[in-house]
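Keeping their order, the protein sequence lines are chains W and F.
Count along the first sequence starting at 1, add 9, and that's the number in the working numbering.
Count along the second sequence starting at 1, add 33, and that's the number in the working numbering.
Quick caveat, the hints were computed from the structure, so don't treat them as lab data.
No experiment lies behind these values; they were computed from the predicted model shown.
Where is the CB? At the ideal position from N, CA and C, for every residue including glycine.
Wrong hints could be hidden among the right ones.
Here are the in silico distance ranges between beta carbons for each label pair [claimed, not checked]: (1) F:Asp133 x W:Leu589: 49 to 57 Å; (2) F:Ser136 x W:Ala560: 31 to 39 Å; (3) F:Val43 x W:Gly593: 36 to 44 Å; (4) F:Val114 x W:Gly563: 52 to 60 Å; (5) W:Asp552 x F:Ser136: 52 to 60 Å; (6) W:Leu577 x F:Leu122: 19 to 27 Å; (7) W:Ile603 x F:Ala132: 31 to 39 Å; (8) F:Glu111 x W:Leu575: 54 to 62 Å.
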Amino acid sequence: MNSFYPWLILLAPFASATVITLFTLRWKSLSCAISITAVLISFCCSCLVLAQSATTAPEFVWLDVPPIFRVPFGLTLDQLSRTMAVLVSGVGALIHIYSLGYMRDDEGKSRYFAALSLFMFAMLGIVFANNFVMLFIFWELVGFTSYVLIGHWFFRDAAADAANKAFITTRIGDFGFMTGILMIWMTTGSVVFAEIAPRMAMFGGHTTFVAIVALLIFCGAVGKSAQFPLHVWLPDAMEGPTPVSALIHAATMVAAGVYMLVRVAFIIQASQTALLIVAWIGTITAVMAALIATQQDDIKRILAYSTLSQLGYMVMAVGLASNEAAMFHLFTHAFFKALLFLAAGSVIVMLHHEQNIWNMGGLRRRLPITFVTFAAGALALIGCPPFSGFFSKDAILAVDYEHNLPIFVLALFGAFLTAFYVMRMLVIVFFNNPRSDSARESRESPPVMTIPLIVLAIFATLGGFAFFALKLPAEKGAVLFVPVIEIAVLILGAGLAIRLYRGRATEPVKIELLRRKFYFDEFYGWLIYWTQEFLARVAAFIDRWIIDAGAVGGTSRGTWGIGAVLRLIQVGNLQAYAFLFGLGVIALIYIAVIR
Amino acid sequence: MITLGDYLVVSAVLFTIGFAGVMLRRNLIIILMSLELMLNAANLSLVAFSRFRVGVNGLPEYNAEVFVFFVITVAAAEVAVGLALLVALYRARQTTDVADITSLKF
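The shape of chain W in the complex, shown without the other chains (with noise of 0.2 Å):
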């Protein structure tokens, strides 16, 4: 069945964020409106499609260059896709409605839900893309609108700094992926997901250019994944407002890069090298994120840095070719995420901006739906049976224990830390007594803040149960075995933290390396000021001694040094002018016509 409903779902954020743009910026209640219109009718739509597993949509030749280069404008209605979408476009719409709430008295609303608007257009276009090119255009278009709202109060030097950092971190591995898409297209004549397919067998078996392929496009998936070692614009994306984090850099945007490593496994997992370093990649951050979440101290940044570490597991387990296990975490994961960061929002701005935890303490009487809808999310983040993230985080554990020994070991120690962080977290923001005036005196968000969250929750609390319904392939052995040790892990996690921190005011163990996230920035900004300094004294030496001395220093020495040698001829001898002028006239009597 052909039909307009998959386009709609693109074209209404797309005509909100126009819309906005151009004529409501000033009329901030109506540009929230049109927002939330805009969402609900890509919701309502993704959902109709959804049902409807025969819908079609009307497809258009973008470019056209007949026998090398076609790129449709066409959207891939799969399940993959269609489940992608009502969860982007449900996510987005909760947060939507909470961004009311959060961002009740921000000056820049209308400009702010513009960019949101924008990002559901692009997210959703990243979702439905059939080619490469198409792909690449909405993945670039996210990354604008992250750079735009991490950016949203650019008045602050932090938030301008991170949205730049954000930007170009990310460019880095746009950077590969775009020239992964060029080889691909060289080597098969295609940009279309399903052209490609088939045509795999046009790379003739040279397996070191297939891994190089795939590891060109992981490296886009690096960067908006921010994987390891592309992670540090994440955590400090944080500086945009807590809606954009959790909508994008925690449930969404993030997780595209690992949404398009399913869309393309055929081409990862043609090479087995490739697949190995992915796996690797992942688990790397999977566990230096945790290490590094354990010993934060602000609230959006353990958030951050767990991401990462979840956004690790994914990758994981999409090292391992297990495409379902990664996008189980992942639907399960952007549930979770969202709400732990909606609710963290609801946190801090009851506390009047307040993000370092160790200014919160005794919050959950203070803040009873936020507090039992944020443990909701971290019993889920923490893999506790029967929230989802157990079902999902088994899943992957699971492939971890049947393919490679060493990664599940580290996948578990990650578990461990995962369950430590959190309760960490938890204790310190919502049990002890309270540590600040704002703490004391703070109150319950109101209802448009809460009712995503409850809604969140209940996600996060049943969404495991689409484990049941989704068919994983059998794992042999594993099934009993891996479920046991991840819950004794976890106990053990959570036991240590609540031991470790119940009662304290104050960090009892610091572990400076882990405080500095492993000197990650330090170290990226040594080599990023030595690369430059290089390049500038390479540069400066070309323009010093070879632009400068040789070409315009050479021109003026050489025309001096011939004006010197000629004004020597210059006698002042009528006679001698006239002389030199007829031996001249005899040399070129001799060139014209004896030679």
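Assemble chain F onto chain W, guided by the hints.
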């Protein structure tokens, strides 16, 4: 019988005298006159070539003679300009000696 060679010898002698005059004399007027002498030496050889080379229908080759007219015209113009410059120079410097005119020397 006067041959082409005789004319060319006379022409060469005239040209050499003119060249020597240009090279050696100091008076600008004499130098100008020597220049004219060189031009006329060239004219003489051109006319001689014209006379001794027979073209179509047994007539002389006239191209060279036409060329001589050009040379005479150019020489007349040159003398006019040259003498005018000379007068102007004399008014400015009160001299016609090339040894005194060294302003263009570095």
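Hints, one by one, checked against the model:
{"no.": "1", "hint": "F:Asp133 x W:Leu589: 49 to 57 Å", "result": "violated, 20 Å"}
{"no.": "2", "hint": "F:Ser136 x W:Ala560: 31 to 39 Å", "result": "holds, 36 Å"}
{"no.": "3", "hint": "F:Val43 x W:Gly593: 36 to 44 Å", "result": "violated, 27 Å"}
{"no.": "4", "hint": "F:Val114 x W:Gly563: 52 to 60 Å", "result": "violated, 42 Å"}
{"no.": "5", "hint": "W:Asp552 x F:Ser136: 52 to 60 Å", "result": "violated, 43 Å"}
{"no.": "6", "hint": "W:Leu577 x F:Leu122: 19 to 27 Å", "result": "holds, 26 Å"}
{"no.": "7", "hint": "W:Ile603 x F:Ala132: 31 to 39 Å", "result": "holds, 36 Å"}
{"no.": "8", "hint": "F:Glu111 x W:Leu575: 54 to 62 Å", "result": "violated, 27 Å"}
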